[in-house]
Amino acid sequence: MTVPKHESEFVALLEEHQNIVHRICRIYTQSEAEHKDLFQEISIQLWRSFDRFEGKSKFSTWMYRVGLNTAITLYRKNKKRIDTYEINEEINGIELDDYDPVIDEQLNWLYEEIEKFSEIDKALVLLYLENKRYNEIAETLGISTVNARVKMNRIKQRLKKMIKQE
Amino acid sequence: MKELEDLKNKWSKQDFSHSFSKEDIKGFLQKKSTYSIKWIFYLSIVEFILYLSFPLLVPNYLDSFDYYKSLNLFEFSIITTVLGYVLLIYFMWRFFQNYKKISVANSLKDHLSAILNTRRAVNQYFYFNVAILIVFTIVVLVSALQLDKNMIGFQEENSSILTMLFVIGLVIAVILGIFGLLYYFVYGRFLRPLKNNEKELLEIED
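Chains as they are written, first to last, in my numbering: chain L, 321 to 486; chain F, 775 to 980.
Everything labelled a hint here was simulated from the structure, so no lab data went into it. Quick caveat: nothing in here was measured; it's all calculated off a predicted structure. Glycine residues also receive a C-beta, built at the ideal position from the N, C-alpha and C atoms. Some clues are possibly wrong.
[What the hints assert, rightly or not] Distance windows between CB atoms, simulated: (1) F:973 - L:469: 15 to 23 Å; (2) L:435 - F:850: 29 to 37 Å; (3) L:336 - F:828: 49 to 57 Å; (4) L:484 - F:973: 50 to 58 Å; (5) F:958 - L:470: 30 to 38 Å; (6) F:935 - L:437: 46 to 54 Å; (7) F:942 - L:469: 54 to 62 Å.
Required output: the full structure, derived from the provided sequences and hints.
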């Protein structure tokens with residue numbers, strides 16, 4: 321695979337795969353404003369490390385890695401700002417539930433449930449729902465394939481239990 | 775389980791209302807990153823500079839070596855001073871090596887470890903420095919009690935010696951307390967959740 325290094329080609333690739341970034345943002349943020357902030361940040365980080373992308377893994381796998389790394393380390397940094405958003409939204413009477421209304425009721429429920437997960441479990445749920453293979457999950461998180469399988473089974477059980485209790 | 779497969783299907787088909795155009799994305803790339811591991815880097819550099827310039831901040835620092843000479847501790851004082859700088863160079867080198875490894879394109883575990891190891895190098899230097907300071911203080915004090923005439927005089931009044939030991943202990947405790955609080959508030963808020971994430975990932979490995 322020839323890897324394009326020009327900005328226009330990168331932009332085209334990101335536009336095409338932007339739903340991956342949106343899903344990461346939706347899981348790790350609680351408002352539209354944060355979502356856009358994080359999307360922007362992930363775009364910058366992807367572009368900055370694009371030169372080092374050698375095409376050894378799939379472009380999408382690489383996107384998950386950069387996206388999750390950015391979301392998990394950036395999230396705390398903006399915690400103060402997030403609190404401010406929440407206060408402003410309360411003042412303006414805007415409900416956080418209005419954030420990116422997903423038409424499907426079950427997906428809305430799922431996002432609410434995932435909010436209670438740890439940051440690592442959020443990443444695992446995302447990769448599970450994205451139907452990623454164990455070796456891709458292992459590569460993204462930096463764990464062994466066997467352990468990715470074990471952890472994924474735990475997440476599946478947790479989701480099943482949640483669905484039963486829904 | 776059918777429900778899980780249904781959920782995956784819905785997940786894969788979801789649309790986001792704010793789909794970004796090529797122009798939007800190009801605009802994002804022009805913006806400045808707010809993702810900053812750099813502040814840890816700059817704060818750590820400031821810390822190293824402070825440690826490096828510490829002797830300059832102490833009044834009559836060089837004269838103190840004459841005093842150590844009178845206690846037969848000249849070599850010891852030189853060795854500990856040199857050791858302090860060797861450790862400083864070693865930990866600065868480790869700090870830069872780890873900092874260079876930080877990359878968002880790494881796996882999550884490697885990314886977290888690189889950030890935490892960068893900071894660990896500074897923290898470990900601090901602990902070594904404190905250990906040297908405590909050992910040095912104790913050795914100087916023990917020698918002074920045997921060789922320094924003023925201290926020998928002091929020794930005759932037991933209460934004065936105890937007061938002095940108490941004051942020295944208190945000063946060291948206060949310094950450690952201030953650094954502890956600084957570390958807790960300056961780095962703790964950012965690094966603690968990263969540590970927890972690293973721990974959670976490592977638990978998968980167990």
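Hint-by-hint comparison with the structure:
Distance hint check: the CB atoms of residue 973 of chain F and residue 469 of chain L are about 21 Å apart, consistent with the given range 15 to 23 Å. In this structure the hint that residue 435 of chain L and residue 850 of chain F lie 29 to 37 Å apart at CB is violated, the actual value being about 59 Å. Taken as a hint, the range 49 to 57 Å holds for the pair residue 336 of chain L and residue 828 of chain F, whose Cβ atoms sit roughly 55 Å apart. Roughly 30 Å separates the CB atoms of residue 484 of chain L and residue 973 of chain F, a value that falls outside the hinted 50 to 58 Å.
Range check, residue 958 of chain F to residue 470 of chain L: about 35 Å between beta-carbon atoms, so the 30 to 38 Å window is met. For residue 935 of chain F paired with residue 437 of chain L, a C-beta distance near 59 Å fails the hint of 46 to 54 Å. Evaluation of the 54 to 62 Å hint for residue 942 of chain F and residue 469 of chain L yields a pass: the beta carbon distance comes to about 57 Å.
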